[in-house]
Every structure is written in structure tokens, then in C-alpha cells.
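Student: In case you want the letters, here they are:
Number of protein chains: 2
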Amino acid sequence: MDDAGRLRQAGLRVTAARLAIMRTVGEGDHLDVEAIHRGVCERVGQVSLQAVYDSLNALQRGGLLRRIEPAGSPTRYETRVGDNHHHLVCRHCGRVTDVDCAVGHAPCLEPASDAGYLVDEADVIYWGLCPPCRAEARSARPDTARV
Amino acid sequence: MDDAGRLRQAGLRVTAARLAIMRTVGEGDHLDVEAIHRGVCERVGQVSLQAVYDSLNALQRGGLLRRIEPAGSPTRYETRVGDNHHHLVCRHCGRVTDVDCAVGHAPCLEPASDAGYLVDEADVIYWGLCPPCRAEARSARPDTARV
DNA sequence: TCCTTTACTTGAGTCATTCAAGTTTGCTGC
DNA sequence: GCAGCAAACTTGAATGACTCAAGTAAAGGA
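So the sequence lines, in the order shown, correspond to chains A and B. Sequential numbering of the first sequence, starting at -5, is according to my numbering. Sequential numbering of the second sequence, starting at -5, is according to my numbering.
Worth flagging that the hints you see were computed from the coordinates, not collected in a lab. Quick caveat: nothing in here was measured; it's all calculated off a predicted structure. Just so it is clear, CB atoms sit at the ideal spot from N, CA and C, and this is done for glycine as well. There could be a bad hint or two in this list.
[Unchecked claim] Which chain A residues stay away from chain B? Per the calculated CB distances, all over 12 Å, these:
hint, residue
1, ARG2
2, ALA11
3, ARG17
4, GLY22
5, GLU28
6, ALA29
7, VAL38
8, GLY39
9, ILE62
10, GLY66
11, GLU72
12, PRO126
[Unchecked claim] A few chain B residues that face chain A, going by a derived Cβ cut-off under 8 Å, partial list only:
hint, residue
13, ALA10
14, LEU13
15, LEU82
[What the hints assert, rightly or not] Quick partial rundown of chain A residues pointing at chain B, CB under 8 Å, derived from the structure:
hint, residue
16, ASP48
17, PRO68
18, ALA109
19, ASP117
20, VAL118
21, TYR120
22, TRP121
23, LEU123
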């Protein structure tokens, strides 16, 4: 199904702004709101930042987008929904990279003990340094290359 | 070792405010900054909120406290450091509960593929409803009790 | 006890995000 | 094709968590 169909299926109206958001997020790599806003304006002309926030929330509630909120950095969005893949986040530059889970099909969805909670989702974030930032750290401080 | 010793070991000065923070966080249950501030003021009299922020950062950098930052809710702190246990977070009331990992000793620290990242930490958050909020949801809307 | 450095205070500032009120537009039903 | 209504969008202001900056107080080694 195309984006317009998915929007309708979620009970949302089809607008140029929302189609542009879907395409921008889909073609981008875990973009933040500001970057999505820029991309949308390039595609369809001036759209207010608030409209982007509003639509992103609607799209997320409708299950068309997934929201990623690494501690200490602005919210990002991706179109890969429905699986429960996880994310690598670079401590230095904030880059986010998808990663499949190590433990099978419904990974990490079952904690050792749920303490009576009704668990519906597991968020897993691996923190570290991405390859470019590793290289940079190595060349800047050769003695601490292993960090 | 007591808190004063741990502070010194981390290269930090021992002050009444910091000891009060350690005790407040240690006796509390994943408190946020505002609650810690209240607790500290009850113990040692007026301490500025900024001092609490500053100290919490210092204590976290020194490895005496662990910071938990669930998406969409203010930062919380706990004294259980050094293991890599995970957290259950209630979507409704924000309560945070410790949980050991399902997959052994160094749980989840190894993603299926690290994409070249140098991973040093894994954050795992299970989202759901805590027992009191489940009960509340059940009595409020019996037809959706399973949600 | 002095002196340096760290911690604390007060006050202002930032940033991502939300709220509110009014206008425009998609889309259902005539 | 057109009217009417709810959803979406615009503009502008507000919020909340947190940080920055400059000056004062106090910890702890010399």
C-alpha cells in the first residue's frame, strides 16, 4: 500500500504535508524534527514547524512512524515499524543505526520477571561510538584509542 | 564503604548536600530531581535546585549514581550501579521498577551486529502498565481490561 | 591557619516541545 | 458539484527540564 492508503487506513486525512513527511522520514536516516521540517519544506513549500510536530504525533499514534528518543538528544523518527528492532546510538555525534536483536524473534520482550507489569514494548538502546567517531577519537588521542 | 568514603574515592568533596542526596536517592525509589531536591531540603535545610542538579551530575560521572531517562518523562536516579539491570516503566503513572535481564550475566550487551560501533552500554526499558494502573484500567473500562 | 579549588547560590537563558485560538482544507453526504 | 463539519494547519505564546554564568562560601591539603 502507498502512503496515502496507509494514512486513510489509520483514519487520517491525506495532505501534502503528511505525504511529504512520510517520504522525508522514509528516505532519511532517523531524522529529528528539525530535519524533517526542512525536508518537508523542500518538497511542498512552507509548512509550519507545529504542523510537523502535530503530524508526526498523529502518524506515530496511527502506527505509521516509530519514534526514537535517546536520552539527552531530540526525538527522531523512522518508518520501520511493526518489528521490534533496536538502535545503536553514538555518544559523540548522536547518529542512530538500526540493529536486529540478539535473542531471536520477539527479542527482549520478556523480562526475567515482570513484577506484575503488563509489558507491551521493549526499548533497547546500545550506547557507543560509531565508526567515524571511533576513528576521530583514535587520531585525536592515540593513547586512548581503545576508548 | 560509606557514602563519604565513596565520594572521596571518586575525587569529590564530602558535603552535607551530597550526603543528603545519596541517602535520599538510596532510600527513595527512582526519584526525579524535584523529589530529590525536596528530600535533601528536609534533611539538611535549604539547598538550591541548581546545586542538586550539579551534584547529581557529579555523582553520576563519579559512578555513585545511575541516571534513568525514560522517553517523555524527567530524569530519575538510583544508587544501584555496577550491574546492568534494566527497568520496567509504567506508561500511565511513570513508576520505574528494577528488573534483572532475561538473558544471563551481561544481558543484552551484545547486539546481533554492532555495525562497527564500539558499544559500552545497553539501556533496556520495558514499557507497560504497573499493577495498580492495570487494576485501575480494568475497573474503569472493563471491556478493555486486557489492555 | 592559610590558600586553592571545588561546591553552592542567585538569576538569567536555552531548547524541544506543547497549548491555544483562529483559519483553511479534506472529505462525507446531499 | 456543493455544503457543512471535523481535521489539519497557522501564528504566537507558554511550558518544563535543564544549563550557563558570575559571584560567594566552604572543604581540605600545605
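Student: Tell me the numbers of any earlier hints that the structure contravenes, in ascending order.
Tutor: Per hint list: 9, 10, 12, 13, 14, 16, 17 violated.
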